[in-house]
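Asker: Chain by chain, the residues:
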Amino acid sequence: MFLAILLLLLGLIYPIAYYVKSNNGEIRIVATTTTSLYVTGLLDKLAEEFKEEHPNVIIDFVPVGSGEALRRAANGDACMVFVHAPSLERVYVDRGVIVNGTIFAYNYFVIAGPSNDPAGIKGFSSAVEGFKRIYVAGERGQALFVSRGDLSGTHVREWILWRKAGLNPNGTKWYIEAGAGMGKTLLIANEKNAYVLTDISTFTKFKLEGRLPNLEILVAGGDELINIYSAYLVRSCDGIKAEVAKEILEFVGTDFQEIIKIFGSDEFGSPLFNPVSGNEKYLAMRWEELSNE
Amino acid sequence: MVFMWGEVLEITSRSVMISLSATLLAASWSILASYALTRSKTASKYVMPVLQSLVGIPTVLIGLLLYTILSRSGPLGFLSLLYTPNAIILGESILITPLLITYIYGSLKASLDTYGELAYVLGGDKLGIASLVIRESTPQLFSSIIIAFSRAMGELGIALMVGGNIKGLTRVMTTAIALEVSKGEFELAIALGAILVLITISVAVIVNLIKKWWER
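Chains A and B are the protein sequences, given in the same order. For the first sequence, this note's numbering gives the first residue as 1, with consecutive numbering after it. For the second sequence, this note's numbering gives the first residue as 1001, with consecutive numbering after it.
Keep in mind that a hint or two might mislead.
As the list claims (entries may be wrong) - Quick look at which bits of chain B chain A covers, simulated, 3 or more residues with Cβ under 8 Å:
{"#": "1", "stretch": "1012-1022"}
{"#": "2", "stretch": "1027-1040"}
{"#": "3", "stretch": "1043-1055"}
{"#": "4", "stretch": "1070-1081"}
{"#": "5", "stretch": "1124-1137"}
Think of the hints as simulated: they come from the structure by calculation, not from any bench. Even glycine gets a Cβ: it sits at the ideal position worked out from N, Cα and C.
Could you build all of it, start to finish, from the sequences and the hints given here?
Answerer: And the structure:
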């Protein structure tokens, strides 16, 4: 009996110590975000830069999938959202869950595939045409395609491309749903000599590390493959936190653009993202189109 | 992106403190619950099989259920526990409770069969018998604590769902490993995994030393 009480008391030390320590006047802003964006390190950089001007503000990034990031926001468990899935964002914008949308960066998806390119898509300027060729080759048993299958921003974009091509690969033998993050999906595609839709930063990183010897970029660039990153304020967030979150949004769209312009150059040889400045109208238009897909 | 050793140390100690707290808390109520179960034949007959089957429950399921409860839109949202180490402690202590009760119940039952009647005949009161039986099964209790701690250290689903893998706040060994895998830093992920295993082994050794000292 004594032992049970002793264990209980010992077990309560850390939780209580944490609770006491946490009431120290810091403002913690929870921001849900997509893992693929978080792992680039850009958001940690943002938290760091913002803290320099606002020492008592800590931005807590919760890296999950795009779908989960928005769902958590709808449940009131985030103050901000950083995502890249316009058609999903649209649903939550329309429901009034997220407001003050700010496009803060963009880059491009690419179609990667085996070097021998059995579907013959290398150098295509249209991703949709590429997908059509992959479908035909797949049906002939000459090509495989690996999908994220996790309702991530990348996965949603892949659906849109299939829909634009007027094709439905679901249920076919050559269409593999990984149900995994971008990195693991790329490794599966590499193992199976399959085609895959990927964001450029994850692909470049894995390629540079020599993990994808069988894959190369076959289709890149173009409006169909643009990847737009947006930040939002969650409407259920209120009080001082909402004020700070608005300041963060403002910062992301202005001063932080200078950092986005160069971020990643050291590691990858070229920046991972493009800043929005000068392209606001074009990006807003593209976002609008993508969100209606 | 260089992973700082200071950060590794911070994540490691956070992991140990969270899992240790969860294990101690779960052990305290599991001892009482197990003793209560040994006193009631019908309860143990129906409760024990259920608890035994819950030992392997997916951690992500507990994490998800706990998330819906602790979410701001959930019944306990007002506690602001979500995204704190305490939420992970709560989840892990729930996770390992069936495991602890299953083990502790077994050893209490055994020592109750051995000493219970004797103590009763010798005129022990209720509390006295309970204390004796629990003390006699302490060695097994230590072993079950090692197993429970190892399970708490190694779980990922709860830490991800209710902790959120927030840098400097709720990032623990398993969520850090998962994140490094997403980054493609497999070597680093394996190194972190090795540290995790090393720690659970060291804790097992330490607990065994305490057990030896106790039995002396």
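Asker: For each hint, tell me whether it holds in the structure or not.
Answerer: Checked hints:
| no. | hint | result |
| --- | --- | --- |
| 1 | 1012-1022 | holds (count 5) |
| 2 | 1027-1040 | holds (count 5) |
| 3 | 1043-1055 | violated (count 0) |
| 4 | 1070-1081 | holds (count 5) |
| 5 | 1124-1137 | holds (count 5) |
In terms of the numbered hints stated before, the structure departs from hint 3 and from no other.
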